[in-house]
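Asks: Please build the complex by placing chain B on the supplied structure of chain H, with the hints as guidance.
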Amino acid sequence: MLIKFLKLPLLWLLLMPVSSLLGQEKVTLSGYVKDANSGETLIAAVIRVNNETISTSTNNYGFYSLTLPPGSYQLEVSYIGYQAKVFPVDLKGNRQLNFELNDNATSIEEVLVSAKRPNESVSSPQMGSLKFSMEEVRNVPVIFGERDVLKTIQLMPGIASGGEGSSNFYVRGGAGDQNLILLDEATVYNASHLLGFFSTFNSDAIKDVNLYKGGIPAQYGGRISSVMDISMLDGNDKKFSGEGGIGLIASRLKLEGPIVKDKSSFMLSGRRTYADMFLKLSSDETVKKSVLYFYDLNAKMNYKFDDKNTLYLSGYFGKDELGYGDLFGFDWGNATGTLRWNHIFNSQLFSNTTLIYSDFSYNVRVDNDDSDFKINSKIRNWNFKQDFSYYSSNNNTLKFGLNLLRQEIVPASLNAASGSAVNSINIEKRQGLEAAAYISHEWKPTSNFSMIYGLRVHDFMVMGPGTFYTFDADGEPSGETSYGNSIIKHHFNLEPRLSMAYIMNPKHSIKASYNRIAQNLHQLTNTTSSLPTDQYVLSSMNIKPQIADQVALGYFRNLANNAYELSVETYYKFMDNQIDFRNGADLQANKYLEGELLFGIGRSYGVELMMRKNKGKLNGWVSYTLGRSERQFDEINEGSWFAARQDRTHDISLVGMYQLSKNWNLGATFVFNTGNAITFPSGKYQIDGTTMFYYTERNGYRMPNYHRLDLSATYEPKRENKKFNSSWSFGVYNAYNRKNAYIIDFRENEQQPEVTEAYKIALFGMIPSVTWNFKF
Amino acid sequence: MQTIFKVLLAVLISFSLHSCEDKIDVNLNDADPRVVIEADLTNLSRNQEIKISRTVAFDENRAFEPVDQAEVIVRSSTGRVYTFESIGNGKYRHANMMVNAMQEYTLLVRLDGKEYTATSRAPRFVEIDSMGITKETILNDDYYFINLSFDDPGGEDNYYKYSISTNGEPFKFNTVFSDKFNDGLHVKHQLGGRNIEFENGDSINLRRYSLAKDVYTYWSEYQSTNPGSASPANPKSNISNGALGYFGVSTVKEYKITIQDEDGLSQ
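Which chain is which? The protein sequence lines are H and B, in order.
No gaps in the numbering here: position 282 of the first sequence is 282 in my numbering, and each next residue is one more.
Position in the second sequence (from 1) plus 1000 gives the number in my numbering.
It is worth saying that the hints were derived from the structure and are not from the lab.
Only true hints are included.
FRET-style restraints, in silico, Cβ to Cβ:
1) B:Asp1129 with H:Phe278: 36 to 46 Å
2) B:Gly1201 with H:Ser640: 52 to 62 Å
3) H:Leu327 with B:Pro1170: 33 to 43 Å
4) B:Glu1065 with H:Gln632: 26 to 36 Å
5) B:Asp1129 with H:Gln632: 50 to 60 Å
Even for Gly, the Cβ is constructed at its ideal location relative to N, Cα and C.
Chain H with its partners taken away, still in its complex shape (with noise of 0.2 Å):
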């Protein structure tokens, strides 16, 4: 079935260079986009021909290849957050040629103001996009001053916030687990530390930041709701350099340089917290002995064989401990692996091959004096890729290929010393096996009309071995069967993508999306704050997988010779197989667990607008979304449609980054959003002398709103050494003390106990901040 589906676009692909002879002569010019400092391959890089009607961008790997006539051009070349600059090429036979760009930083003062801007959000078909440099992600003021891609993303319309600190994020209504995360090309399963205040992501080691919230792509698959693509550095080739910073809860450090100059470099970047070595100064024993930290290495390297060869390595390692003397340990952390290969068939033809393994697993040890027990839990997959990408010519690029994914799942199991007070447990593993093929097509049958639809087609195995159970309607176990060594049961689908873009002139432009995403693995939460502990399960007999379906339109006009940015997106998207609890669930240790499982439906809509300025002294964005995110269970609200906990009608983002002088960096930021929905009691009666709160409907409430204003200001003095210079940042999380509400919650007054009242927990009030940074 695959092979014969892959029969098909090969073929095409064969015929299509003939039909480019028939017209006049060709060649092509390919190759790289990269900094000048660095070497770093540049990612979405724009590259112009004479005029604006003809253009190509670079792929994933910072490869371009441009179809041309033979003849001399004017190649303009531009990439946000660096200068533009314009080459000069002759053509007259087939030709790879790297072009350079310095970055905003490194130039001259006056060239940001003058830097042109490509109209890419205009003029590609792609639509629902986000891409930011990491330059903006530097700028903008976070909480303990620790930079973060995940929190800066959330800024973004339809990204909405997953709580008071969070790097937990919701797409377009979805859930937290329906984003893909993928930090170079590796499933991040746990994306956050201590309890999400901070992201996985060391902003240091990254490159490239890409969500997609519409119109994914068909390369990608898998998650429902968005698709966040992360690419590390991949290190300096042309000089060795550092770069770290010292902050209130963490210290960082990055180390590049070449291997063997101009054909393979490294890239080093771990960062560590510690807020424990607080805990040594407590004069109890037990505290002085506990831990609390967590770190992060990302580490890489690059080897290029020739201009057409280039094999990459990278990997990330991060972990959280937490440890409460002898007597409690707990720790938790992902592990991933990337091996690549990057092959230039000829200029027309690309393959990227990808190996991945990626890991996320949590450990509890618990030393009591009478239960001495280890929990262990492990989600993982290994994975294969194969992709390539045909620029077929400038009107038509084809990307496809192959995708073959083992995921499997340990739940957690308990082993207990022996004489200990508790029993072992042992769960099953889960084990699936996920084959995909995908084409998608880039076509640009006009000028003013161009297009990206393409087909994913996937087939989820269930695997063995293992036992299965089936439930009755009130979820009670009715009957089993053990399978061997052997698939059990194929969820196939067929993903339909399209995104087209109609310009009407070179300012405005009207585009359109449709994506259909199915979702095998899903998370299991039944907290609001996300818990590494939280479970993960496969589709299986009893679980479908998850389906969106959604359409998107959109209107995108540039202003000011693209110094403004302006669009508005709205969309509808239908959500099937979602995944809710009965009451009273129990999800620990239990091999019945999916017969506490409820499945339902979702829809979500809303209307998102962006204005962005990206020139001049003053910079930043607005952003707004109007939404309503909705889920209907039979067993939930006597069946009626309720509110989704992310729901929010308003969510609204000001962000602003001042140049006041050559030394001193200004941002703020201001945050408004609705409250999440909740459940809150609408009555009360006793049991046992105790007051119980009597719940009738599911998330009927409202937490109140939410607003904050963050501050910071960046001081770089004058440059006195040329090899090393440093930054001070200073932040103000919270500038006005606003007591959000992080927890409301009801008890008895403690003098008259029949008479109950409400209180509410408010998480971080004015929260100040200084990192010292500096490179070499």
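Replies: Below, chain B alone, put in the same frame as chain H:
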């Protein structure tokens, strides 16, 4: 793993040194009153009591609305019928009903033309072999715990509940345990820290219940609902027709203990 969550929550709260707590006003809807039945029959004495009430609005200055006009009957599987008499304030009493372990009882409540029924069976009481007090110093504060040790019967599901009365105050639910993780082992139940803090010198009356699964589930759901729950709901009742509360028949023993730095134990 509930404990893990609690530890995490504690870390989370203590982590934010700035966190603060304020009393607030929340505008809650008034739901239509619903019938609440609390029928907790035990073998402690022949005096049995059942409480019937209705839910009240959240901001009312009373905890419940008593219902005195119901008809309350309990039948045993041996065919005996016990008719409970209203004694006011929502209480119904029977002065001579003996609860036997392993016997099934059925509750029938008739109120305003509606019938509410439930069935429960009392398991055998699991005896303890020792009881004592421990003191632990956590972050320079002293905490007292009451520890009860016993052999959990292997090969069967056992559920335990504790109610505590401090210095002569009325008994109040404290906690429930199951043997999901320690079936058939020598088990220690530790009381204190959660829901209750014992002070040196406290005179404690403690009731240990061996109870049926659905009553355990009721209390376990109540106990696991915390401010971090994504969707709190009413604990699942074993009574029909949408009544809140539960019908439980349990075997119970009562212990007295005084919190002292040295162990003091009497039964």
